[in-house]
Amino acid sequence: MTLSLALVLSSCGDGNGDGSGSGTGAKSEIIAIAADPLEYINPLNDNGSPGIQVAMAMFSPLVTTDPNTGKTVNVMAESVTPDKTSQTWTVKLKAGNTFQNGQPLTAKDYVDSWNLTAQGSNAWKNNGFFSKVDGYDELNPPTPDGATPKPTAVKAMSGLKLIDDLTFSVKLKVPFSQFGLTLQYLGLAPLPEEVRKNPDAYKRKPIGNGAYKLDGEWNAGEDIKLVKWDGYKGPNAPEADSITYRFIPNADTAYNEFLAGTVDFVDVPPTKIKTFKTDAPDGWVTGVSSGANYLVMPAWDQRFKNPKLRHAFSMAIDRKAFADLVGLATPASGLIAPDMNGYREGACKYCSFDAAKAKQLLQEAGGFSGPLNINYNTSSATGQIFAEAIGNMLRQNLGLEVKYTGKQGSEIGELADTRKLDGLRFSGWGHDYPSIEDYLTPMFKSNGDANFSGYSNPALDKVLAQGDAEPDPEKAIAIYQQAEDIALEDMPLIPLYTKSNAYLHSAKIEPRVSKYVGVSALYATFK
Amino acid sequence: MIRFVARRVLAAIPIGLIVTLGVFALVFAMPGDPLRELAGDKPIPAAVLAAKRAQYHLDDPFIVQYLLSMKDILTGNFGTTFAGADIADQLRLRIPVTLKLTLLANAFQWTLGLFFGIYAGFKRNGLVDKSLLLATLVLLAVPGLVAYFAAQYLFGVELKWFPVSGVLEGFPRSYLLPALVIGLLGFAGLARLMRTSIVETVNADFVKTARAKGLGEQRVLWRHILPNALLPVVTFIGIDLAGMFGGAIITESIFNLPGLGQFMFQAIKLKEGGVVVLLSTLAFVSFILINLAVDILYGVLDPRVRHV
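Chains as they are written, first to last, in this note's numbering: chain A, 1 to 527; chain B, 1001 to 1308.
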């Protein structure tokens, strides 16, 4: 991964991870990333870790979540205002911000970058984000199977309008009250004109608008070295003077590197959950990972049709015991992750463990015929263990005959999408923007992007649409909570647990821990 | 000689086709959609999927995908991986890493193996011979995975004699620990073979004849015993060296050495048939070449099998 010898000359660890040798200042940190090295940095063409993680240091979003209050605050945006129906949103940028090449950051940069991403033939990963915008379909015409999508004649979405140098408006296909929150997604970062003209030429020399820029060249397989960019005028600049992201694909190896003192921050891999506190007694933190985990009932199998049966399954699961098995996990009591505004403790009426009640409900539902199949992901170290734990609870508490099928995760997903999967599977979901709507729409709306269960209930769709059209944020949350109640009553997904993540850090840094946005090494403070 | 080499190379072509086709079929038969594997849990829009599928020929039937991959390999037009890496660049970076690791590991293995094997062969039932037998049993019983992590923890994390992982400290420091562990795990087998071979040769009739003729011990050793005793060992070393390209997958992953084995691992994980076939072809070609070299070396050691 790290072939450049020029990168780190003084890499002998001294136990404090002070091995960056950059000489640019005392406040430097090396962050280990347990993944294959990045091949490019372009937030618009990246929809997950580690691409977005690195981009967070180099690009600055329009708005962000305040780590202390959980409220949305402006970063590059001066204001984000919806019209009365929440269908057209006006974004006004702060004046005086520039890209790292010195060019001023304008509304045109956003509009053109977004249009570029929305063009289906470019195959950029955040293309789907813009499907809510008016005119998206013209840039993404249906393509026959096996054909290469052609660039369309129309290059711009009709919903994006340039108003002046610093102002643009976004017209959505239908009202969407949460759109303002979605703007904190870093995958919407602007690219300057020279990059937009030839994105491939800038794969390894991104020009951002954030607090850090590349320090020197970045070649294939190398660490990513960032240094503070003195032209950054936005708020929320982290403390570090320089940051190195080091890629170590094997998570256990990354952990060992930390123990040897050569990196300052590392994720604790699942294999070390039981030992990390003794391995690094003074240097660990935990934080909620945004997301929740479920057991999925297939809507295409008639045997699971009766909601009482679903409730019986749910109540037959001892979530406390299961969370203990998972380690660093909290039993779920609703469909929403607990760090969300609008989360209600105990929203789920059928999530407490009660074997007698479960048995009774199953009887009322007419029992379950045939063996129950539980699918698990063979590429996960814990897949089979978790499946057998759930299976044993259902077998003992409901008297079901249980069998297990191990498959690759991608194969399970494919079978579920084509409605051919037999039995239960596990699923997890993490939000892209901090709204309870980002749990309910993807997973429970008919044809939602991540509707793993094939669930469809017009009543719930209607409530979601009401929430989307409600301009008052607090009122919108209350409406979405009704949708959660419907989903809990129908229970296509059984809530299982929410997980915390653990991280190790060296003595010289203290990572930022927020109840709203989790643990951040980028925003660590230095001692 | 030339005819022999030509024959071997020609015979390699159909075998190469069968091997690559077989490997490609195995990757193709792996369950799951490669692009889905790449995307994780997040949904990808249809237009994006269609564009990616077309780019990597994923919509074509099996045999067409195979032929397109082979065409790319033979024309040197390697393209990019699913993750966007330039494959030619990757090969340029990774081949030296794997070569350094493999050669250093083999150097350790041969030095230890030949030295202890020859010594034990001449001093049968001595202390070295008996310890060697014990060491062989112990080392053969240790799974590589355990040995690599244990060595990394002990010498990298605790004692800090070697870097834990990565190639930041360059050659040879970054490669020493993994190569030593590979060499240690592998030398025992080689030493046993060498010892047996020496024991057999020392008692062979032609050695007795040589001694009876009144030849000096040195001449008997260098001209009569060693060339004959080395024959099976050369075969073993050849196969071992050729096979190391495949065996480096686990080592490279644990020690974070960005070589071909790690590349292969990523490609299999993501079901990238094209990359897997390219790497298999590379491994196959090196296997053929090394075996050819071994056969020629054979002739040098033993005139009876010299190819004319």
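If you are wondering where the hints come from, they were derived from the structure by calculation, not from laboratory data. Don't be surprised by glycine CBs; every beta carbon is placed ideally from N, CA and C. Wrong hints could be hidden among the right ones.
[What the hints assert, rightly or not] The calculated lysine-lysine pairs, modelled on DSSO-like cross-linking and capped at a C-alpha distance of 27 Å, are:
1. LYS1100(B) / LYS197(A)
2. LYS27(A) / LYS1160(B)
3. LYS173(A) / LYS527(A)
4. LYS1160(B) / LYS527(A)
5. LYS274(A) / LYS1160(B)
6. LYS420(A) / LYS1100(B)
7. LYS1100(B) / LYS1052(B)
[Unchecked claim] Label-pair ranges, simulated between beta-carbon atoms:
8. LEU1137(B) / SER379(A): 31 to 37 Å
9. VAL1005(B) / THR148(A): 42 to 48 Å
10. LYS132(A) / ARG1173(B): 36 to 42 Å
11. GLY1084(B) / SER379(A): 18 to 24 Å
12. THR85(A) / LEU1067(B): 31 to 37 Å
13. LYS420(A) / LEU1017(B): 51 to 57 Å
14. LEU1026(B) / ILE385(A): 51 to 57 Å
15. LEU1021(B) / LYS515(A): 16 to 22 Å
Results for each hint:
no.	hint	verdict
1	LYS1100(B) / LYS197(A)	41 Å, violated
2	LYS27(A) / LYS1160(B)	25 Å, holds
3	LYS173(A) / LYS527(A)	50 Å, violated
4	LYS1160(B) / LYS527(A)	25 Å, holds
5	LYS274(A) / LYS1160(B)	24 Å, holds
6	LYS420(A) / LYS1100(B)	48 Å, violated
7	LYS1100(B) / LYS1052(B)	35 Å, violated
8	LEU1137(B) / SER379(A): 31 to 37 Å	34 Å, holds
9	VAL1005(B) / THR148(A): 42 to 48 Å	45 Å, holds
10	LYS132(A) / ARG1173(B): 36 to 42 Å	54 Å, violated
11	GLY1084(B) / SER379(A): 18 to 24 Å	22 Å, holds
12	THR85(A) / LEU1067(B): 31 to 37 Å	55 Å, violated
13	LYS420(A) / LEU1017(B): 51 to 57 Å	35 Å, violated
14	LEU1026(B) / ILE385(A): 51 to 57 Å	28 Å, violated
15	LEU1021(B) / LYS515(A): 16 to 22 Å	56 Å, violated
Hint violations for this structure: numbers 1, 3, 6, 7, 10, 12, 13, 14 and 15, all remaining hints satisfied.
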